[in-house]
Amino acid sequence: DQQVKQNSPSLSVQEGRISILNCDYTNSMFDYFLWYKKYPAEGPTFLISISSIKDKNEDGRFTVFLNKSAKHLSLHIVPSQPGDSAVYFCAASGILGTYKYIFGTGTRLKVLA
Amino acid sequence: NAGVMQNPRHLVRRRGQEARLRCSPMKGHSHVYWYRQLPEEGLKFMVYLQKENIIDESGMPKERFSAEFPKEGPSILRIQQVVRGDSAAYFCASSPPPAGGYNEQFFGPGTRLTVL
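Listed in order, the protein sequences are those of chains C and L. Each residue of the first sequence is one higher than the last, beginning at 1 in the numbering used here. Each residue of the second sequence is one higher than the last, beginning at 1 in the numbering used here.
Calculated directly from the structure, the hints in this document are not laboratory data. No experiment lies behind these values; they were computed from the predicted model shown. For glycine and all other residues, C-beta sits at the position ideal for the given N, C-alpha and C. It is possible that part of the hints are untrue.
Derived Cβ-Cβ restraints for the label pairs, each shown as a range [to be verified]:
id	chain 1	residue 1	chain 2	residue 2	range
1	C	Lys56	L	Pro96	23 to 29 Å
2	L	Arg14	C	Lys54	49 to 55 Å
3	L	Glu18	C	Ser74	29 to 35 Å
4	L	Asp56	C	Ala70	25 to 31 Å
5	C	Gly83	L	Arg9	18 to 24 Å
6	L	Pro70	C	Asp55	41 to 47 Å
7	C	Phe46	L	Asp56	18 to 24 Å
8	C	Thr26	L	Asn53	39 to 45 Å
9	C	Lys56	L	Arg14	47 to 53 Å
10	L	Pro70	C	Asn67	24 to 30 Å
11	L	Asn7	C	Ala70	40 to 46 Å
Model the full assembly from the supplied sequences, consistent with the hints where possible.
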């Protein structure tokens, strides 16, 4: 039972354009969401997070949007750069076990120069 | 400022052998988490430890797997009598004590276990 889903295994975007990565979740008990970036042969690196009391959080080129009614979040990267090419994982945690991150399967982003 | 360190980075074992994976958390972090990533899948939570305490091991297989985080030294994930299905990337993460109920977990580079 996949509680956090990233339905697009891959995405290609031209340099300078916007990258939009999507994530859906099924458990309404989740109230904290995170995005991690992962390069090959490295561990995931934290990017940005959002709690359920907000619907948007912005950090530089990265913005996360949360739509609680749709149980959907998205990560926007503007403008996209070749160095952003990586696998992006969304993760969720909840009131019961805030330390237990539930990860999606990842989306491989390729930014074309 | 060293991040989370894991060793070895690559480990090859034959079926039936034991695998020991080590994790040194970031300086000042007293909470350690282990995750496993199977090919083409996301990371799956295995266990959460504090120094000398297992807080939650609900993601650990019931047999052959164990974890510890002693007072001194790294956290160890131990897999006894490995089978081919144990082949995966094992990631360790660490965090300071959660603030306001939430925290950011900082991940190590992972150990890639291959069972022949």
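Comparing the hints with the structure gives:
1. Lys56(C) with Pro96(L): 23 to 29 Å: At 26 Å between Cβs, range holds.
2. Arg14(L) with Lys54(C): 49 to 55 Å: Holds, since arginine 14(L) and lysine 54(C) (Cβ atoms, about 50 Å apart) stay within the stated range.
3. Glu18(L) with Ser74(C): 29 to 35 Å: violated, 43 Å
4. Asp56(L) with Ala70(C): 25 to 31 Å: holds, 30 Å
5. Gly83(C) with Arg9(L): 18 to 24 Å: holds, 23 Å
6. Pro70(L) with Asp55(C): 41 to 47 Å: This hint holds: roughly 43 Å between Cβ atoms.
7. Phe46(C) with Asp56(L): 18 to 24 Å: 21 Å Cβ-Cβ, so the 18 to 24 Å window holds.
8. Thr26(C) with Asn53(L): 39 to 45 Å: Violated: the Cβ-Cβ distance is about 31 Å, outside 39 to 45 Å.
9. Lys56(C) with Arg14(L): 47 to 53 Å: Holds, since lysine 56(C) and arginine 14(L) (Cβ atoms, about 51 Å apart) stay within the stated range.
10. Pro70(L) with Asn67(C): 24 to 30 Å: Violated, at about 44 Å.
11. Asn7(L) with Ala70(C): 40 to 46 Å: holds, 43 Å
Of the numbered hints stated above, those contradicted by the structure are hints 3, 8 and 10, listed in ascending order.
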